[in-house]
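With the hints as your guide, set chains P, A and B onto chain C.
Residue numbers (my numbering), protein chains in the order written: chain C, 1 to 117; chain P, 1 to 117; chain A, 1 to 117; chain B, 1 to 117.
I should point out that these hints are in silico values taken from the structure, not numbers from a laboratory.
Cross-link-like lysine-lysine pairs, in silico, DSBU-like; alpha carbons within 30 Å at most:
| # | chain 1 | residue 1 | chain 2 | residue 2 |
| --- | --- | --- | --- | --- |
| 1 | P | Lys65 | B | Lys79 |
| 2 | B | Lys65 | P | Lys79 |
| 3 | B | Lys79 | B | Lys65 |
| 4 | A | Lys79 | A | Lys65 |
Pairwise CB distance ranges (calculated):
| # | chain 1 | residue 1 | chain 2 | residue 2 | range |
| --- | --- | --- | --- | --- | --- |
| 5 | B | Arg117 | A | Ser104 | 53 to 59 Å |
| 6 | A | Phe110 | B | Asp33 | 26 to 32 Å |
| 7 | A | Gln53 | P | Asp70 | 41 to 47 Å |
Note that the structure is a prediction, hence the values are computed from the model and not measured.
Even glycine gets a Cβ: it sits at the ideal position worked out from N, Cα and C.
Residue strings, one per chain:
4 protein chains.
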Amino acid sequence: MTEITDRDSALFEAGIKLGALYHQFVGSPVSPDTAGSLERAIQNSISLQPHVQSITVAIDREMIKSSLNDFGYCELAGKMLDVMATIRYGSALVHAGMRYDEDSDYPMMFVEGIEAR
Amino acid sequence: MTEITDRDSALFEAGIKLGALYHQFVGSPVSPDTAGSLERAIQNSISLQPHVQSITVAIDREMIKSSLNDFGYCELAGKMLDVMATIRYGSALVHAGMRYDEDSDYPMMFVEGIEAR
Amino acid sequence: MTEITDRDSALFEAGIKLGALYHQFVGSPVSPDTAGSLERAIQNSISLQPHVQSITVAIDREMIKSSLNDFGYCELAGKMLDVMATIRYGSALVHAGMRYDEDSDYPMMFVEGIEAR
Amino acid sequence: MTEITDRDSALFEAGIKLGALYHQFVGSPVSPDTAGSLERAIQNSISLQPHVQSITVAIDREMIKSSLNDFGYCELAGKMLDVMATIRYGSALVHAGMRYDEDSDYPMMFVEGIEAR
Chain C
1 MTEITDRDSA
11 LFEAGIKLGA
21 LYHQFVGSPV
31 SPDTAGSLER
41 AIQNSISLQP
51 HVQSITVAID
61 REMIKSSLND
71 FGYCELAGKM
81 LDVMATIRYG
91 SALVHAGMRY
101 DEDSDYPMMF
111 VEGIEAR
Chain P
1 MTEITDRDSA
11 LFEAGIKLGA
21 LYHQFVGSPV
31 SPDTAGSLER
41 AIQNSISLQP
51 HVQSITVAID
61 REMIKSSLND
71 FGYCELAGKM
81 LDVMATIRYG
91 SALVHAGMRY
101 DEDSDYPMMF
111 VEGIEAR
Chain A
1 MTEITDRDSA
11 LFEAGIKLGA
21 LYHQFVGSPV
31 SPDTAGSLER
41 AIQNSISLQP
51 HVQSITVAID
61 REMIKSSLND
71 FGYCELAGKM
81 LDVMATIRYG
91 SALVHAGMRY
101 DEDSDYPMMF
111 VEGIEAR
Chain B
1 MTEITDRDSA
11 LFEAGIKLGA
21 LYHQFVGSPV
31 SPDTAGSLER
41 AIQNSISLQP
51 HVQSITVAID
61 REMIKSSLND
71 FGYCELAGKM
81 LDVMATIRYG
91 SALVHAGMRY
101 DEDSDYPMMF
111 VEGIEAR
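Only chain C is shown next, with the shape it has when bound in the complex:
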């Protein structure tokens, strides 16, 4: 076992936020007209969690349009989400996000960069 650094904690916290966002909001009814208010609510909600310095959430309008049911809406799916978040923990800063990966047809979560002294 080794000591847990700020860098470790920042990465752990970044994962928590993305997992939380995904499983809290996926399944919400959404349409092109309401996607904007859902994006804002998700951003505002997740930015309250500890160590979130900033977060942006974009929902893919084209995927919404191609997923509409007979009633004119669909459910928010992980694949529709494009998220970038910056997490600060002590001296460490982590840039992480989620984006649809076409090759694996999977909403991939990733670490884009780490700044740590």
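Positioned in the frame of chain C, the structure of chains P, A and B alone reads:
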């Protein structure tokens, strides 16, 4: 077994919307500052579902304030929700909602009125 | 406005349970091997809610298999659910459920029958 | 910016699992009698996610009992969860979990140990 009327269907649909709203959004991080955007997102999201004529969602700011954790936010709880929805199915109109009931300390869902020919 | 009967309330309560079940559990990771334990947990969980006399939940194994991602699992989708519930409210009994409708490609909720004096 | 190591990725993945678990299942109706089947379903569900080597989920029966509503159940709350998971990513192993912290009255997620070469 008896025939299923528009009135029956409107009541069934009203229940679906309230159950959906509750279990989709309860647990979302919320604070007094972000409650407004969450209210709008919930309203917009649920109004997309079939047969919803109108819906208003209010989140109790005082309950939020008294539930804040050390990090300055709390999770949306059923008790914080005051919802009124009008559901139309064919010739029937149902007014239904959800409101905190102090006596039972329970977020009670209720039918307020039915208009059916 | 008219009086609210037991029949009305039973239909309203039936809708609540189906909406709750759907939006609580859709999105859960699931595979053919774990579908059984998820079915039991959903049944047990929703049968605790007021007025539920019985409920059965079946998750479509074939749909799971055809939805598996590169990691060998998928997320529970509404379309995979086959639910039948009996709701009792006073003198009224409602049989309602949810089942995938191929024509509309939609997880349809429906009232199958009402017994009310 | 620095290189992303297996250790970094394992910590990130550990956070994802805990955030996902929390926001997927919190809110589920639960009682002392059904807690066991919910524990198993959560364990089975989250162990499907990538990089989970093992996970145990315990729901606090005493907290359930003290939270029961007039209908004899309550909703799964974060505070009731005691979770330990081992996440493997390449050469790195992370032991992480979630446990109620009485001092802050908060369901705290934590890294217990890291094994990395």
